[in-house]
Amino acid sequence: MSDNNIMLKTENLGISFGGLKAAHDVNIEIRKNQLYGLIGPNGAGKTTVFNILTGVYTPLTGRFYLDGEDLTGQRQEIINRKGIARTFQNIRLFNNMSVIRNVLVGLHNSAEYKCTPFESMFRLPRHFDSENRMRDRAKELLRIFGLEEERNLLACNLSYGNQRKLEIARALATNPKLLLLDEPAAGMNPQETAELMKTIKFIKNELNMTILLIEHDMKLVAGICEELTVLNFGEVLAQGKTSDVLNNPDVITAYLGQDED
Amino acid sequence: MITLIDGLSLGSIYALIALGYTMVYGIAKMLNFAHGDIIMVGAYAIYVAMSFANPNPVIALISSIIVCTLLGVFVEKFAYKPLRGASPLAVLITAIGVSYFLQSVAQIVFGSQPKPVSGWKLPKIEFLNQFGITTGAVVTLIAGILIMVALTLFINITRTGSAMLAVSEDKGAAKLMGINVNKIITITFAIGSALASFASMFYLLQIPNAEPTLGAMPGIKAFTAAVIGGIGSIPGAMLGGMVLGVIEKICLSIEVISPYTTAIEFSLLILILLVKPTGFLGRTTKEKV
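One line per chain: the protein sequences are A and B, in this order. The first sequence begins at 1 in my numbering and counts up by one. The second sequence begins at 1 in my numbering and counts up by one.
Possibly wrong hints are sitting among the right ones.
If we take Cβ atoms under 10 Å as the criterion, some of the chain B residues that face chain A in the derived model are [what the hints assert, rightly or not]:
#1 29
#2 159
#3 162
#4 163
#5 178
#6 181
#7 206
#8 209
It is worth saying that the hints were derived from the structure and are not from the lab. Each residue gets a CB set at the ideal place from its N, CA and C atoms; glycine is no exception.
Turn these sequences into a full structure, and let the hints guide you.
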């Protein structure tokens, strides 16, 4: 991988379940600090691609590289530690843990806050130091999403919109290079969606994050994504600049159906 | 009063064993029916350590903890790990198989006759004795409570504890948070088995005989306790153990119903399953679509 500017590169990724090709020859290139969209009708294979990129499925064909490093077929926790974090289409928080603890769990494996079991066991200064820095970092992340006040509530008691935000905060806590968001605006009202767009932009610009986003909300996609890939029946239908792709007749057909005159 | 202390002391033995059941269930989502037999192995470890010349109870206790912990990790690695993702029934049958395996091995090595564990008792304390309370009961109760407090702190304060909670809630999401789920399951088995070794130590204080089927009855009763308290819930296991211990001792102290003690305990299990299947402190799980 000679190009240093590429964060994620997939080469001919493919997977089948039984006879169904859920993804076939998917090639995506995402540059560093880009906000990239993955769209397509229901069942087009978007979430399948996410599951491959996070190690839930091992692809039958093809490989993918994060920042030049081949991560194909690695275990999920390894891929996460190497720098890919995600949120889920249906929220999967640790419901019976407090809001801040959800974020702390994500922080535990970062090298920055590591201390040896020995240091923890004997409560040496370094242990408290790393615990404190970790709490500060968790609060900082919660502040970005306006959840600082709610940090001691149980995650299941948050409103739906806030649960979505907490999921993003938790994913960011693992200190990823690439953030995968699976329909972050699903179930949100227009006002919450607008707020979410702002937050996503903030993450990209202020935290220099590279983001790959699955979304159905076309307004959100058109509003924030720089480039798009459209999947249909597991295959790439169109790819390129957002405005070009959204005006592509094939894409319109896939979404709205053929015009029958 | 005496019955209550005896009951709570027996209850803390049940609670220690029930914790092993409930933690493994909460994290690996399986019922480890071989858990009772870990206690049996722990009892034999104490028996062996105490039958050397110049037996030292501390060394016996430590060796029992080490043997049980290693056995728990070993069983998980060779019997359960290959079945990860298999149907729950297959894992359950395997656990029963492991249980019989351990009993048979103990029978081959040590014979089927009970082996008296010599010198495994505590000095009498006059002050307590005049009320008819044994030292063993008091020590069991206090140590049991201390162990449970330590465990609660461990779960709530340490990172490993957080990771364990996370895994018990959602394995998939935990993996994507960079948590090594297999490692957490191994740690859970290690802790559960170490708790079982404490249970075997306290059990021998009450009945100082090691035999191959020693673990079966306390094992199944502790399982009952875990279900009563709400399986998967750590405070539930403690509560369930205590309740069951007190009920057992109360039943035993009333002459008319004492022969039916075990029947009453298991009827309670059936009653709880009918009325409140999640137990006292169990979570009601809502399936989200």
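Q: Would you settle whether the hint for residue 209(B) is holds or violated, based on the nearest Cβ-Cβ distance to chain A being less than 10 Å?
A: 37 Å, violated
Q: Verify the interface restraint on residue 29(B): the C-beta must sit less than 10 Å from at least one C-beta of chain A.
A: 16 Å, violated
Q | residue 159(B) as chain A interface residue, shortest Cβ-Cβ below 10 Å | A | Check passed: Cβ of residue 159(B) comes within 5 Å of chain A, closer than 10 Å.
Q | residue 162(B) as an interface hint toward chain A, with CB separation required under 10 Å | A | Hint holds; residue 162(B) Cβ to chain A Cβ min 5 Å, cut 10 Å.
Q.
residue 181(B) was flagged as interface toward chain A. Is the shortest Cβ-Cβ separation under 10 Å?
A. Holds, because the Cβ-Cβ distance from residue 181(B) to chain A comes to roughly 7 Å (cut-off 10 Å).
Q.
Given residue 163(B) as an interface hint, is its Cβ closer than 10 Å to any Cβ of chain A?
A. At about 7 Å, which falls below the 10 Å cut-off, the nearest Cβ of chain A leaves the hint on residue 163(B) intact, so it holds.
Q: Go through the hint on residue 206(B) and say holds or violated, using the shortest Cβ distance to chain A against 10 Å.
A: 33 Å, violated
**Q.** chain A contact restraint for residue 178(B) - C-beta distance below 10 Å
**A.** 4 Å, holds
In the structure shown, a violation is registered for the earlier hints numbered 1, 7, 8, in ascending order.
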